[in-house]
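Engineer: Spelled out from the first residue to the last, the chains are:
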Amino acid sequence: MNRNNFLPHVALALVLILVAAFAGQLRRWQKEWKHRVQIIPAEDKRRSPINNVEAAPYENRGFGAPEVLVKFRQGVNEEAIERITLGLHDRVEDEIESVPGLDAIDDLDDKTAEAVAAQYRGLPEVEYAEAVFEISADDFDSAGSPITPRDPRFSEQWALFNDGSRGGTTGADISATHAWTVTTGSDKVVVAVLDSGVDYTHSDLASNMWIRPNSVDPYEDRDLGTIQDLHGYNAVENSADPMDDNGHGTHCAGIIGAEGGNDIGIAGVNWKVQIMPLKFMNAGGYGTTKDAIEAINYVIDRKKAGVNVRVISASWGSTQKSRALEDVIRKAYEADILFVAASGNASTNNDRSPHYPSSYNVPNVVSVAALDRNDQLASFSNYGLKSVAIAAPGVDILSTWLGDEYEEKSGTSMATPVVAGVAALISANEPKITVDQLRSRLLAAVDPLNSLKGKVVSGGRINAAKALGTK
Amino acid sequence: MTKEDASEKARKDLARRLGIEESQVTEQSVAETDFPDMALGAAAGGEMSGQMITRGWKIHLKADGHTYEYRADKGQLRLYQFKGKNYKI
Chain F
18 MNRNNFLPHV ALALVLILVA AFAGQLRRWQ KEWKHRVQII PAEDKRRSPI
68 NNVEAAPYEN RGFGAPEVLV KFRQGVNEEA IERITLGLHD RVEDEIESVP
118 GLDAIDDLDD KTAEAVAAQY RGLPEVEYAE AVFEISADDF DSAGSPITPR
168 DPRFSEQWAL FNDGSRGGTT GADISATHAW TVTTGSDKVV VAVLDSGVDY
218 THSDLASNMW IRPNSVDPYE DRDLGTIQDL HGYNAVENSA DPMDDNGHGT
268 HCAGIIGAEG GNDIGIAGVN WKVQIMPLKF MNAGGYGTTK DAIEAINYVI
318 DRKKAGVNVR VISASWGSTQ KSRALEDVIR KAYEADILFV AASGNASTNN
368 DRSPHYPSSY NVPNVVSVAA LDRNDQLASF SNYGLKSVAI AAPGVDILST
418 WLGDEYEEKS GTSMATPVVA GVAALISANE PKITVDQLRS RLLAAVDPLN
468 SLKGKVVSGG RINAAKALGT K
Chain C
732 MTKEDASEKA RKDLARRLGI EESQVTEQSV AETDFPDMAL GAAAGGEMSG
782 QMITRGWKIH LKADGHTYEY RADKGQLRLY QFKGKNYKI
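Sequences listed follow chains F and C, in order. Residues 18 to 488 in our numbering are what the first sequence lists, from first letter to last. Residues 732 to 820 in our numbering are what the second sequence lists, from first letter to last.
Quick caveat, the hints were computed from the structure, so don't treat them as lab data. Computed from a predicted structure; not experimentally measured. Mixed in with the good hints, there may be bad ones.
Only pairs whose alpha carbons sit at most 25 Å apart, straight line, appear in this in silico DSS-like list of lysine-lysine [stated by the list, open to error]:
1. K740/C - K793/C
2. K816/C - K307/F
3. K338/F - K816/C
4. K814/C - K338/F
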């Protein structure tokens, strides 16, 4: 380079750098300005609760944190992303630089996070999209402080909150008080308790019992005719009255959904839920596979009729395999219903000596082992590294009983409705979750325990708070 | 059903099954125990039962040089593994 040309070249280079820098800043200002003056379409204004703040900068609109995380496919550029988000009436709140293509997106109308995520999942440009879970230590210090219900016997419910009393271990519980900061359940979720029936008049259960809505026709059975199923179904007597004459089903129902915060007795895993009682076991606490099949058939029929049954809780079983029972459970899977089943109480390995229905290899079956108040596998509980999915508290469990009473009972029967109850909580929080996702979520939401190593598939005890993404 | 009722009913049942006099059946032991389920760990064919620990009695009877086991709680009596099968009485 000629020495005489050196200085002009340096000056030109400096000018180009400054122009480039200014252009970049200009683009950022432009983007920001676009967000600030973004106009909400007229049709959205009518239904949006944010009409009166449409022209305000987004910081002042009271919008919350970004609701969804969207990973765009490689090659989808910034302009395309902006076009997509604007088209969906959203905005990119932040780019996650460490993961190329990952953006935190804020919804500008009142859709739920899950609905927004679903919109993005349907686009070819999107690799994945998920709702943002609110996970922060602050949650527990302020608005999300653990919730303790007013129910007078809650302190005896070690499965929900174990304070170490009666020889227990502090924290050996399902973290229900943290889970309840997210949801205490929903009366839109129906859990079928397939058992000895339920005392639907129990004062701690009555308000959470399923009642067939007028929009759903009475049950029609090809052989039995019309059954006016107000509360559920009794397969023992082929009648519409599933009243419990044993107590076992009432106990299981209370674990899932004794009304919480009502100043009476206990709290269920769900304070609010709809329990659909089904009776196939008699006063002795045993029944036939044929009646169990009839009752499951009823549940599937009700689901098809529009009842939002998400879970069947099955605290029973035997070592006898029934192909017909397996088939009807598979039909329940096809109807998007989870089937939570007791692993059995013979202290045996289900991988070698199966216990049914919990050992059926059907995708909706969740087999449950029982734990004591020290996070040890209960002495009676069956287990199985390949065939038992998860463990839950199942020793000295206090719950509702016949005659408006409460009793402590033990068994994988008691652990099963704990898991069914957590499944109902998840369904309350994420109404669109599929049965496959629900099962996966349960198995991932555990506290790993040494006592369960090599004993159950998930290696841990169900944690309701983790299942709801809070802990 | 009391423990005594269950034992008496069991003796009568065994005598009938074996075709012998009730006096030829002797009570070996009656012990309170926890059964693994509501069919007292003795489910009959095609039967499913609640998986709840159930308090009851194990009744051992002797006849013809053999020992037979009955299982009972306040609401039911069962014969355990009689010729390879369980029976609800």
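Engineer: Next, verify each hint and record whether it holds.
Structural biologist: Right, here's what the structure says about each hint:
Taken as a hint, the K740/C and K793/C pair is honoured in the structure, with Cα atoms around 14 Å apart against an allowance of 25 Å. Between the alpha carbons of K816/C and K307/F the distance comes to roughly 20 Å, so the proposed pair stays at or under 25 Å and holds. Distance check on the hinted pair: K338/F and K816/C sit about 16 Å apart at the alpha-carbon level, within 25 Å; holds. As the CA atoms of K814/C and K338/F are separated by approximately 21 Å, the hinted pair is consistent with the 25 Å bound.
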